[in-house]
Every structure is written in C-alpha cells, then in structure tokens.
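Listed below, chain by chain, are the residues.
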Amino acid sequence: MKTKILLLLIFPILWSCSSDDSDEYQNIPIDFQIPSNFPAANYNFANNPLTEKGFELGKKLFYDGRLSSDGIVSCGFCHIQEDAFTHHGHTFSHGVGDAIGTRNAPPIQNMVFQTTFMWDGATTHLDLQPIIPFTSEIEMHGNFENAINMMKNDAAYKKLYKQAFSNGEINSENMLKALAQFQILLVSSNSRFDKYRRNEQGGNFTADELDGYTIFNQKCASCHATDIFTDNSFRNNGLPVNPSINDVGRYRVTELPQDMNKFKVPSLRNIEKTAPYMHDGRFFTLEAVLDHYSSGVVNSTTLDASLNNSGVLGISLSSSEKTKLIAFLKTLTDNEFLTNPKFAEY
Amino acid sequence: MKFQLKNIVAVMAMALAFTSCSNDDDNNDSVTGEGSLKIEFDNVYGSADFAANTAYTNSNGEIIKANKVKYIVSNIVLTKADGTTYTVPKTESYFIIDELTPASTLLTIPNVPAGNYKSISYGIGVDKAQFDLGATGQGNFLTTAQNAGMMWSWSAGYKFVAFEGTFTSSTVTTDTNFKLHTGQTGTDYNYATISINFPDNALVRTNITPQVHIMADLKHLLDGTNKINLSEGATIMGGSKLALATANLANMFEVHHVHND
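For the record, the sequence lines run as chains A and B.
Going by the working numbering, the first sequence opens with residue 1, and the numbers climb by one from there.
Going by the working numbering, the second sequence opens with residue 347, and the numbers climb by one from there.
Bound-form chain B, shown alone (with noise of 0.2 Å):
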C-alpha cells in the first residue's frame, strides 16, 4: 500500500513537472495559421475493451452480447486554454461512430486555428434546432444515415444510438434479441450533450496534429446511473426509457489521452 501510494506520489510529481514544463508552450499568441485535429471514439465496455458478440455482465445480471454500436456524434466544439473556443461549422459536424466500422471511429477536424485546447463538448444525436429546421442543412446527412440504418423511417428522423445484440438474465435463459434505439419520441427530444475536459493541451499547430483519444463506455447505455431492465422488455425504441438511456449519456465518455506528435 506504501509503495502504491509512492507510485502515486511520483506520478502526480512528474505530471506536475510536465504540465509545468509544457505550460511554457501554452503561448497561444505566437502561435499562428490553421491545423487538424483527430478524435478517436474507442468503445469499451466497463473495464475491458468491448468487441462486438463478446458476453458483458452488467450489474443487474444480465449477460449481453452486442452485435451494433452506432451513434451520431455532432456540433463539436473544442475549447482552448484561453477558453476561447472553436465550433466546427455545423454542416461538416455530424458523424456517425460505427464500431465495426473502424474507419468511421476516427474523426479528423479540419481548418482548426492553431492553439493550445483543453476541452470538447458535442451532442450524441442530431440537436433540435437542427431538425427543426427541417431538410435545410441536412446536406446529404440523411443519405448518410439512412445508409447506416441510423434513419427512424416511420418517424422521419434519426437514430441517436442504434445498442443492439442478445442478452440472458435470471428469467430470459435463451439468447434473446435485444435492441435500444434513442432519438426524437412524442414527448422527449433525447439529445445529449456532452462536455469533457482533456488530461493534457492538444496542441494544434500547422504542423502538429494532435489526438485526442475518448474512451466510450457502452456499458452506460443499459447500466450507467439509470439501470435499464432488458429482461422487462427488450425492444427499446420510445418512452420514458429512451430518456433514461439518454441521461446515461453524461458519463459514457472520458478523453483517455491526448497524442501530441
């Protein structure tokens, strides 16, 4: 126990001395022109890193095996160290995470001013204000969501997160289909947003392109601080449950590290 605590110790001492150190580069005033940024949305699930049809045991006893992980992901903004911030124009914005896509999981954000930035928020889902809009700058995003199976069709609108795969539990003893889809109901919108802070700067330069790597634990879905039953109903597309999943939302995502190379 002493000695984890040493371990501690030391670590801290020299994240110290590195944030000190690179507090000196966090001269944003000289620093000048445009670069890139690239995001990585690494799915996990709880302690382990999820892959698709692989039993996970949620907290409630039940065992699922997930076989889609998609979700929009949307209206990113990066904040710098200054707080001053960055919003990607809202047309080039959207983007859908498919985990067995591995192409889709990266995500490379042009034409960002060079700086030192701390944070990002964005939206899982399409914002209200948006859709209220109607076909207006929607560009070919429906195209693209429709291609993913992340289009609700009887509805008109999209899939925030598309969760699905078999489960068992104490009661449900056979592989049974599972599936939670969020988006727009008859009462609730279900569009989150969420706001994290990074553990390090990314350092935009012209010639530096940081990334930023978000560790997204699905298992916030189901059995994040809303504990969702799927053995009381498996088919979660609507209702009061859809906000419970969407609230679950606020703690699924945690920045892992930040590559500054």
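Isolated chain A, as found in the complex (with noise of 0.2 Å):
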C-alpha cells in the first residue's frame, strides 16, 4: 500500500519532467543513415523530415485499428513484425467484415529504397501507398474525414500532431507524412548478410551459404537485384494463371497487353519469415518456390525472357543447388528487426 502512494506520488513528477507534456513542435531530427551495401533512397526528406515525434505518430497510426471503418482492422492487423511485416501464415489476408482480397501482404521493410509499390505498381510515391489498404473496401475500408474527426477528438493524437508537425494540423497529408515516416524507418539491413557484405562481426557464412550465394549470382540476381533484392521491375515469372481469380497483374494499371500477368519482383529480405510466398500466396515453403523455377514455369505471350532459354522455361536447378541456395537465403533473416522494440505494437 504505500509503495503504491509512493508510485502515485512519484509518477506525476516524471510526468512533468518528460517533454512529452508539451503540445510545442518538437523538432527533434532523426539521422536516416543509409547502410553503405544500400542503393540510394527515393525519397525528399526535404519535404518530411524525420522526426521523433513524427515516426511516434506514424507508428500510433500503423497500430491503430480505429482508422478502419470497423475499428479494429490496423496496418499492423495484416502487417505483423515478426513475420517482416507480412500476415504470416495467410495465403490472403482479411479485412473489415471478413472481406477477403487476392493477393498476398507484401512485407513492409526497405521501402525508401524502393521505386514502385504494391504487386502492381499502383502507386509510385510511399507517402501516398497508404492510401490504397486505408480505403480499400476490402482492407480497412477507411474514410480520412471520420479518421480525421477521430483523431481531432482524441488527446493523444492531438499533442502528437502539435508535437510532430510545425503546423500542427490533424489533416490527410500530415497523416501520411507520419505514416511514410514510420514506414521509412523500418529499414532491415542487420542481418548476417549485411554483415558478410560489409565485413562486419558476425559476417559468417557457411560453404553452402557461399555456395548459395554463388549460385544466387549466377541465376537470381538478374531481377532480385542489389542487396535490397528486387530491380523494382514486374515481370511474369511463369506461374500458371489462377482462373478463379485471373489476377492481370501488371496490366490493370497500365492496358497494355505486354503487362498481362506481370508482378513486381519482391525483395528476398527475411524471405524465411514471410511465407505464403508469391503474389498470391500459392507457395508455403521455399523449396516449393524454387520447384517452381527448376520445373513449374508455363509459358505464355507475357513470360519472362529470363525464364525461356530457346524454349527451355525456368531456371536449371538441381537439388544440391536448391538446398544451397536456401540455405543462403535463410542469411537474409533480420532478427534486429524482427524483433527491434522501436517498431513493435506494444
């Protein structure tokens, strides 16, 4: 009992000790180091300069189901931490009213050195992609003027938006600036891979990892491209055409029949932690994906030259191979984070 007094008496002066009691603009500035195996950023942090305050905000908005027309469907609903922000273990995720989409969560990891977004494209800008899961009907279904109004009538939210902002304003652009902010930060570049590539301690890698990287090189590198493993391209790498979806990929944002069934090629970056794997999810294991690529591709008008040696489809493998290459594939696992306390829910 008197400790809890004693609790009681103490909280209230480290309450008004930490800054966070003011409603002033903190503009406490984030170093955004780039990790030197990285290629450049794509963003104008001119225009939204990180803050402390503005990625505390972000990451409030990416955990907050009251956004979404049912009040619990976050970003964070379908984009879990530990699974390098994926819906681990969901083929397709679910939004508002049990709605079921049609393709796969993508992780959220490295985005600012990424060009395109979404399996598709749909979007090029990382401050506008929100947008897309925010109000589509079958995500959060979520509407900016009633999240507005949400956040206007809330406290936390109206010291953070005073704290993050130098206008202060609870509207749709500052919302997105805090939410690309948050997504900005969330970069993966620890793991012993990044190490191997930097010479770091801990950079380590098995012979067969070697060798996995070797192979890597010589058969994947060609479109999972720099150490952020994607060369932001779409391409059709041969998997046959789900009829009951007939997803066009690529093509629904451009017509063009050259696009027809084109995907973005994902980065491989925690790629042990993010199964269901393609933009559909078809594959639960990697050894499953690599199957694909030695004895699975079809061909079609839209099929990835890569993938068509003079009408050889796919990539020659053998099962030595396989086991090296996913062996090497497992050195891309992030555990710094996965599991970093910054980016975590709670």
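Honestly, I wouldn't trust all of these hints.
The calculated label-pair distances, taken between Cβ atoms and stated as ranges, are [unchecked claim]:
#, chain 1, residue 1, chain 2, residue 2, range
1, B, Asn572, A, Asn340, 51 to 59 Å
2, B, Asn572, A, Ser319, 52 to 60 Å
3, B, Ser577, A, Asn340, 51 to 59 Å
4, A, Glu169, B, Lys573, 25 to 33 Å
5, B, Gly495, A, Ala344, 47 to 55 Å
6, A, Gly89, B, Lys573, 46 to 54 Å
7, A, Gly97, B, Asn523, 22 to 30 Å
8, A, Gly97, B, Lys411, 26 to 34 Å
9, A, Thr301, B, Pro435, 48 to 56 Å
10, B, Val423, A, Glu200, 49 to 57 Å
11, B, Pro435, A, Asn42, 27 to 35 Å
Capping the alpha-carbon separation at 27 Å, the derived lysine-lysine pairs in DSS-like fashion look like this [to be verified]:
#, chain 1, residue 1, chain 2, residue 2
12, A, Lys162, B, Lys436
13, A, Lys342, A, Lys330
14, B, Lys436, A, Lys152
15, A, Lys322, A, Lys195
16, A, Lys195, A, Lys330
Derived from the structure by calculation, the hints contain no laboratory data.
Built from N, CA and C at the ideal position, the CB exists for glycine as well.
Reassemble the complex: the two chains are provided individually, in unrelated frames, and hints are given to aid placement.
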C-alpha cells in the first residue's frame, strides 16, 4: 500500500519532467543513415523531415484499428513485425467485415529504397501508398474525414500532431507524412548477409551459404538485384494463372498487353519469415518456390525472357543447388529488425 | 440573310464601340488594392443546358443520360491585359466541380490584385508536379477528394474527371451503365491545361467582383475531337482511351461572358 502511494507521488513528477507534456512542435531530427551496401533512397526528405515525434505518430497510426471502418483492422493487423510485416500464414488477408483479398500481403521493409509499390506498381510514392489499403473496401475501408474527426477528439493524437508537425494540423497530409516516416524507418539491414557484405563481425557464411550466394548471383540476381533484392521491375515469372482469380497484375495499371500477368519482383529480405510466397501466396515453402522455377514455369506471351532459354523454360537447379540457395536465403533473416522494440505494437 | 448580316454588323459595331469605351478604363496603373473574382462552371451538352438523367444524342447515335459529372479544377492563373499574371496560391487552387452540388460550380478567388484580366488558364486534374511531391502540399484535399468520390483508391490517385450514367445505342438496346474516369495510368498522366480568353476584360477592383461565366460542354468528353464509342466498352478507367478523353478537354471550355457588376 505504501509503495502504491509512493508511486502515485513519483509518477506525476516524472511525467512533468518529460518533454512529452509539451504541445509544442518538437523538432528532434532522426539521423537516417543509409547502410553502405544499400542503393540510394528514393525520397525527398526535405519535404517530410524525419523526427522522433513524426515517427511516434506514424507508429501510432500504423497500429490504430480505429482508422478502419470496423475499428479493428489496423495496418499492423496484416503487417506483423515478427513476420517482416507480413500476415504470416495467410495466403490472403481478411479485412473489415471478413472480406478477403486476392493478393498476399507484402512485407514492409526497406520501402524507401524502392521506386514502385504494391504487386502491380499501382502507386509510386511512399506517402500515398497507404491510401490504397486504408481506403480499400476489403482492407480497412477507411475514410479520411472519419479518421480525422476521430483523431481531433483524441487527446493523444491532438498532442502528437502538434509535436510532430510545425503547423500542428490534423489533416490527411500530415497523417500520410507520419505514416511515411514510420515506414521509412522500417529498415532491415543487419542480417548475417549484411554483415558479410560489410565485412562486419558476425558476417560469416558456411560453405553451403557461400555456394548458395554464388548460385544466387548466377541465376537469380538479374531480377532480385542489389542488396535490396529487387530491380523494381514487373515480370511474369511463369506461374500458371489461377482461373478463379485471373489476376492480370501490372496490366490493371497500364492496360498494355505486354504487361499481362506481370507482378513486381519482390525483395527477398527476411524471406524465411514471409511465407506464403508469390503474389497470391500459393507456395508455402521456399522449396516449393524453387521447384516452381526449376520445373513449374509455364509459357505465355509475356513470360519473362530470362525464364525461356530457347524453349527450355525456367531455371535449371539441381537439388543440391536448391539446398544451398535456401541456406543462403536464410542468411537474409534480420532478427534485430524482427524484434526491434522501436517498431513493436506494444 | 441580308437582314442577319446587317444585325451582325450592327452588333460588331456596338461591340467595337464598347470595347473602345472600356479601353479608356484599361488604365491598370491607377488601379490598386485587391478584389475577388468569381468563376462559374456552367455545364452544357452541345447546344443545350446540361441536366442530369436527361437524354442527349452523340454523333455516333449513342444516347446518353448522365447522373454524375465531377471534375477537378486546379492551378488557376489569371492574365491581365498587359500580359502580367496572377497565380492563385497553389494550395488554395484545387477545386472539385460537381454538377449536382450547385455551390461547387461557383468558385470565388480572393486576394486578386485589382486590374483588367483578359484570360484564364487552369488544369483539369491534379498536376504531376504536385502529385510527385506525395503528401506534401495536399493539405486536406485528399479528404475532400475521397468525400467527393474523386479518389482512385486502388492506385492512390485522383480521378480528374468522373462522368457516369447510362446509355443506349443501336447495338446496346437496354439502359447500360457507363463510367468514364480519367486520371493517372501506368502510361499517361492525363492532366490537361486549359487556356481561354475572356470576350471582355474582367475588371477586378476593391469594390467590383467580376464573374466569369465558363461554359463546359460535356459533349466533348466522349464526342469531341476524339470519338469514344461506349458500345465498344462502357467502363473507361484506364488505357489509351483516357488519353483520348483528356485530349478532348482542350475544346470543352469557353468563356461565354464576363459580368463586371
């Protein structure tokens, strides 16, 4: 009982000391360092400078189900940190009203190093990307006006917007900027692979992993390029079209026949944690993915040229090569990222 | 015929007389301060005033009845008789014109430097420069656009023009829905810039708010320089037809008259 009273006395003192109490703009910049093995960032930071409070607001938004029409489905509902911000085990995710989508939730990591977003590249600006899941009837089915009204009546949001932005306004611009700040800082760059690439401590590969990396560079890296593991292009990798969905892929955006059934080349970071695989989550294991490339590729007019070698389809891979490739791919798992409390919901 | 010609000559003479009279007032130097300008977007269809759910026939024989007409007007620039311009501040220069919301069809532009204005330019849609900034500079326009149904949620972009209704044709004999939504696609940006002259100068003064009456002929959307047949496909939200519809916007607008009351 005594301790309780003591705590009650101490708590307000701590509270008032904290700068969190202020309603003023808090320009505490975040020094965003690009890992030395990464490509350039694709973002104009001058338009949305990263600050501690901007990030904090973005994280709050990311995990707030009240932004959705049913008050439950947040961004973090389908993008779970320990699964590299994917919806582990879900071929398709369920949004509000138990609506089911037709594409597998992609990971959110290293976004600022990419130039196109969504499986079909429907958007090219990181700020605007959240509009798609936020407003989609089968995802969050959110409405900006409702969300803004909710936040304007929420003491924590009222304070955070003032602390995060010099104009302090609760509006769609600042909401998207905060979400962008959170997503920008979701950088996975400390896997064993990264340490190997940067000659850092802990960057040791086994013989199999090293062989796997060599095979990867020979047979996979033309599309899964750079240390981000995507060239940001759209390609048809020879998956037989699922007739019950008939996803046209990139064609939806361009309506160009040459884009039929093409999807964005996904990054492979944390691939061990992001099953199921492919745009429609059809493969549950990495073995199944490699089996597709070695023996499951089907021909079509838009099949990627790299998968059609004078009529021989796919990528030739022996079973020992597959084992080594998977050993290599598992070096891309970045536990520091997957467990970083800074990104965690609770 | 002769009589008509006479009339035309008379009108022209009068117009000339008025023009020369008003020229005397064109002394921009003596005009100071700021005023407002009103811009009315009056939707018409060919030679008739536009009304929702009313049948209009296109040159290809298709009969259309529209129930939604909305477009984004942006980046208004006013040009004075002496060639100098006034650019409405970018963040205050995005509007959604909605035929079914009369108040939205009359824009009031405040803080316009007093002067005699001869022309206007504006965009239909949200310009690429703005879009490429991401959230920056959007203020709350995304909210406004979503409320108006002018957001393309699947691609995180704006609908620049939304024109919807039903149609029939020789091959499509029962009322069938059509939708034309223009906006950015993977291949075209589809923003249009419109520049039109005023028949008379708009005299912005501290105590005069001119009203520019713009006729927007919706017939041009499908039945303009480029002909878009709804019978071939009545849901037009992407692909090359959006570029055709966007090109049609160039001839859709004209300033019918200017009130200087």
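Here is how each hint holds up against the structure:
no. : hint                               : in the structure
1   : B:Asn572 with A:Asn340: 51 to 59 Å : 54 Å, holds
2   : B:Asn572 with A:Ser319: 52 to 60 Å : 57 Å, holds
3   : B:Ser577 with A:Asn340: 51 to 59 Å : 57 Å, holds
4   : A:Glu169 with B:Lys573: 25 to 33 Å : 46 Å, violated
5   : B:Gly495 with A:Ala344: 47 to 55 Å : 37 Å, violated
6   : A:Gly89 with B:Lys573: 46 to 54 Å  : 52 Å, holds
7   : A:Gly97 with B:Asn523: 22 to 30 Å  : 25 Å, holds
8   : A:Gly97 with B:Lys411: 26 to 34 Å  : 33 Å, holds
9   : A:Thr301 with B:Pro435: 48 to 56 Å : 50 Å, holds
10  : B:Val423 with A:Glu200: 49 to 57 Å : 55 Å, holds
11  : B:Pro435 with A:Asn42: 27 to 35 Å  : 29 Å, holds
12  : A:Lys162 with B:Lys436             : 24 Å, holds
13  : A:Lys342 with A:Lys330             : 24 Å, holds
14  : B:Lys436 with A:Lys152             : 26 Å, holds
15  : A:Lys322 with A:Lys195             : 23 Å, holds
16  : A:Lys195 with A:Lys330             : 14 Å, holds
Violated hints, in rising order: 4, 5; the structure is consistent with all others.
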